[in-house]
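In full-length UniProt numbering, the protein residues as written are 1 to 585.
Do not rely on the hints blindly, as some may be mistaken.
Stated by the list, open to error - Derived pair list, reagent style DSS-like, types lysine-lysine, alpha-carbon separation capped at 30 Å:
#1 Lys334 <-> Lys361
#2 Lys146 <-> Lys193
#3 Lys422 <-> Lys193
#4 Lys352 <-> Lys220
#5 Lys320 <-> Lys193
#6 Lys348 <-> Lys361
#7 Lys193 <-> Lys163
#8 Lys85 <-> Lys139
#9 Lys300 <-> Lys334
#10 Lys424 <-> Lys334
#11 Lys146 <-> Lys201
#12 Lys348 <-> Lys334
Hints were generated in silico from the structure; no laboratory data involved.
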Amino acid sequence: LTHCKITLPIQLSSNILSMQMILYLKRWLFRRTVHVVFTSVVPGHARGYDALNMCLYHLRAMHCLHISGINFEPYQVYFEPEDVKACIVTCGGLCPGLNTVIRELVCGLSHMYNVNDVFGIQNGYKGFYSSNYLPMTPKSVNDIHKRGGTVLGSSRGGHDTHKIVDNIQDRGINQVYIIGGDGTQKGAYEIFKEIRRRGLKVAVAGIPKTIDNDIAVIDKSFGFDTAVEEAQRAIDAAHVEASSAENGIGLVKLMGRYSGFIAMYATLASRDVDCCLIPESPFYLEGEGGLFEYIERRLKENNHMVIVVAEGAGQDLIAKSIPVADQLDASGNKLLLDVGLWLTHKIKDHCKSKKMEMTIKYIDPTYMIRAIPSNASDNVYCTLLAHSAIHGAMAGYSFTVGMVNGRHAYIPFHRVTSTRNKVKITDRMWARLLSSTNQPSFLSKEDIMEAREAERLANRLPVPASSSEHTKKHSASVLSNASGDVQGAPTLTLSQLQQPAAAITVPAPPSSATAGTASVTVIDSDDDCDATGPPEGTPERETRTWQEAEETDRTRDERPKQPETPERMAPPPGNALHARADEAA
Numbered sequence: 001l002t003h004c005k006i007t008l009p010i011q012l013s014s015n016i017l018s019m020q021m022i023l024y025l026k027r028w029l030f031r032r033t034v035h036v037v038f039t040s041v042v043p044g045h046a047r048g049y050d051a052l053n054m055c056l057y058h059l060r061a062m063h064c065l066h067i068s069g070i071n072f073e074p075y076q077v078y079f080e081p082e083d084v085k086a087c088i089v090t091c092g093g094l095c096p097g098l099n100t101v102i103r104e105l106v107c108g109l110s111h112m113y114n115v116n117d118v119f120g121i122q123n124g125y126k127g128f129y130s131s132n133y134l135p136m137t138p139k140s141v142n143d144i145h146k147r148g149g150t151v152l153g154s155s156r157g158g159h160d161t162h163k164i165v166d167n168i169q170d171r172g173i174n175q176v177y178i179i180g181g182d183g184t185q186k187g188a189y190e191i192f193k194e195i196r197r198r199g200l201k202v203a204v205a206g207i208p209k210t211i212d213n214d215i216a217v218i219d220k221s222f223g224f225d226t227a228v229e230e231a232q233r234a235i236d237a238a239h240v241e242a243s244s245a246e247n248g249i250g251l252v253k254l255m256g257r258y259s260g261f262i263a264m265y266a267t268l269a270s271r272d273v274d275c276c277l278i279p280e281s282p283f284y285l286e287g288e289g290g291l292f293e294y295i296e297r298r299l300k301e302n303n304h305m306v307i308v309v310a311e312g313a314g315q316d317l318i319a320k321s322i323p324v325a326d327q328l329d330a331s332g333n334k335l336l337l338d339v340g341l342w343l344t345h346k347i348k349d350h351c352k353s354k355k356m357e358m359t360i361k362y363i364d365p366t367y368m369i370r371a372i373p374s375n376a377s378d379n380v381y382c383t384l385l386a387h388s389a390i391h392g393a394m395a396g397y398s399f400t401v402g403m404v405n406g407r408h409a410y411i412p413f414h415r416v417t418s419t420r421n422k423v424k425i426t427d428r429m430w431a432r433l434l435s436s437t438n439q440p441s442f443l444s445k446e447d448i449m450e451a452r453e454a455e456r457l458a459n460r461l462p463v464p465a466s467s468s469e470h471t472k473k474h475s476a477s478v479l480s481n482a483s484g485d486v487q488g489a490p491t492l493t494l495s496q497l498q499q500p501a502a503a504i505t506v507p508a509p510p511s512s513a514t515a516g517t518a519s520v521t522v523i524d525s526d527d528d529c530d531a532t533g534p535p536e537g538t539p540e541r542e543t544r545t546w547q548e549a550e551e552t553d554r555t556r557d558e559r560p561k562q563p564e565t566p567e568r569m570a571p572p573p574g575n576a577l578h579a580r581a582d583e584a585a
């Protein structure tokens with residue numbers, strides 16, 4: 001190949017294309033075109049495929065390689081680059097990584113597809129009503145990833161679907177990139193439905209954003225790693241304060257309105273926390289096994305302790321002690337009372353009643369965590385999310401992008417907004433936290449069994465023989481209802497549930513002029529185990545009889561099959577522009 005002019009298609013007998021070969025092609029064929037046909041790729045060589053796809057992706061990004069062959073069917077690009085007018089909007093609260101996503105959307109559209117008309121919508125959804133859009137170029141966003149917050153501004157509420165779509169239609173926008181949390185993605189879904197009702201050729205790409213990591217389906221949201229890292233610094237400060245005083249208590253309140261992921265992971269990372277309280281695990285203050293008893297015992301043993309509490313924990317206890325009317329913010333979320341201040345006063349009052357001297361320091365790093373730039377891990381993750389969103393939108397899809405079991409996938413909007421991702425108090429991660437802090441679980445055996453039963457119903461797991469009659473009746477009513485479905489839960493078979501990892505299948509978009517769909521199948525695998533061993537009712541393959549297997553197959557066949565499909569517009573006739581989708585998508 002060193003002396004080859006590469007004027008004709010060549011055949012490679014090896015299943016791995018070396019990086020040296022790619023560098024050779026890039027050096028000699030810059031701004032030219034070469035067709036490489038790959039034949040007889042040996043099955044089973046996953047690493048070879050990955051290395052090959054990465055190299056080809058770089059070549060395709062330089063517009064110097066068209067991929068063809070039986071193993072590399074090309075994705076058809078719906079939009080011509082010169083016709084694309086894209087806009088980007090950020091909504092909701094701040095989160096590390098927002099500016100990185102904005103930067104990579106602008107630079108990715110420009111560098112990979114030569115799209116030059118990219119505009120920023122300022123101050124959330126209400127910015128669509130403004131007459132001033134902010135033009136964005138790679139030069140103008142070159143270093144915004146080094147700053148926290150969002151250069152476009154953000155706000156809550158202000159969503160009027162008809163006005164927003166009217167503005168999109170009047171300005172000729174055909175790609176809308178929406179970055180936001182659960183409420184923002186619901187708004188994106190409403191925008192998409194109105195666009196589809198009007199028959200507009202507009203792709204809507206959602207990029208889920210929540211620092212709490214409570215978006216359903218996806219593995220994690222961007223900014224979460226940065227939040228955990230910064231939260232650990234607050235815990236370290238609380239530990240220093242507590243250990244420097246007699247009977248010192250350091251209390252740290254972290255984000256987590258409905259899910260305690262930040263509190264849990266920051267606790268595990270710190271290893272200095274003695275008690276972690278999250279919304280998913282109820283606790284009580286008084287009595288045997290309560291929080292106050294544990295605080296007294298811990299202070300006698302160590303002379304200090306650190307408590308981490310998520311902002312959504314203990315809200316039922318606060319409501320009982322401080323009756324107030326529920327209030328909502330602009331996004332419709334219930335305003336939470338400050339559990340940190342409430343718990344501080346409760347601990348002080350208890351120690352005073354026990355005539356116990358103590359010093360408590362309360363730290364609330366919420367806004368410090370939200371406002372910082374993203375770390376290296378989140379910067380890379382934001383880049384992958386932005387590029388995946390670009391490739392999907394250019395192909396004509398409307399979707400929410402995210403990583404599912406390690407694979408980037410295009411997910412229908414309603415799948416990420418129908419439920420929330422929450423900490424499972426019956427899995428191994430929570431058991432690891434209890435082992436690290438040595439705190440009581442605050443839950444009885446009946447509470448744990450009730451939580452397990454709720455998870456089985458939500459995931460449509462087979463009911464074990466040892467379960468109660470109450471559970472069997474409810475499970476039978478769910479499984480026998482052919483038209484019903486547990487909200488947000490995929491329809492899975494027993495054989496699928498026993499698979500160790502996720503399986504995601506996204507076939508190539510249709511090439512015909514009629515609208516097509518891409519089937520997305522998500523098979524989740526959860527660690528459903530606590531510190532005492534595997535959960536009750538875990539299937540044992542060795543003891544299953546053929547009658548049980550036959551019954552399982554019959555039940556599986558009776559379940560409704562509802563494939564989840566991201567929306568895609570019909571490909572335009574005569575469009576000759578092709579591009580390979582990102583290897584992650």
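These are the hints, each one checked on the structure:
1. Lys334 <-> Lys361: Measuring from Cα to Cα gives roughly 27 Å; hence the hint holds.
2. Lys146 <-> Lys193: Violated, because 36 Å separates the two Cα atoms, which is more than 30 Å.
3. Lys422 <-> Lys193: 28 Å, holds
4. Lys352 <-> Lys220: 43 Å, violated
5. Lys320 <-> Lys193: 42 Å, violated
6. Lys348 <-> Lys361: 11 Å, holds
7. Lys193 <-> Lys163: 14 Å, holds
8. Lys85 <-> Lys139: 18 Å, holds
9. Lys300 <-> Lys334: 39 Å, violated
10. Lys424 <-> Lys334: Since the Cα atoms of Lys424 and Lys334 sit roughly 23 Å apart, the hinted pair holds (cutoff 30 Å).
11. Lys146 <-> Lys201: 35 Å, violated
12. Lys348 <-> Lys334: The given pair, whose Cα atoms are some 28 Å apart, holds under the 30 Å limit.
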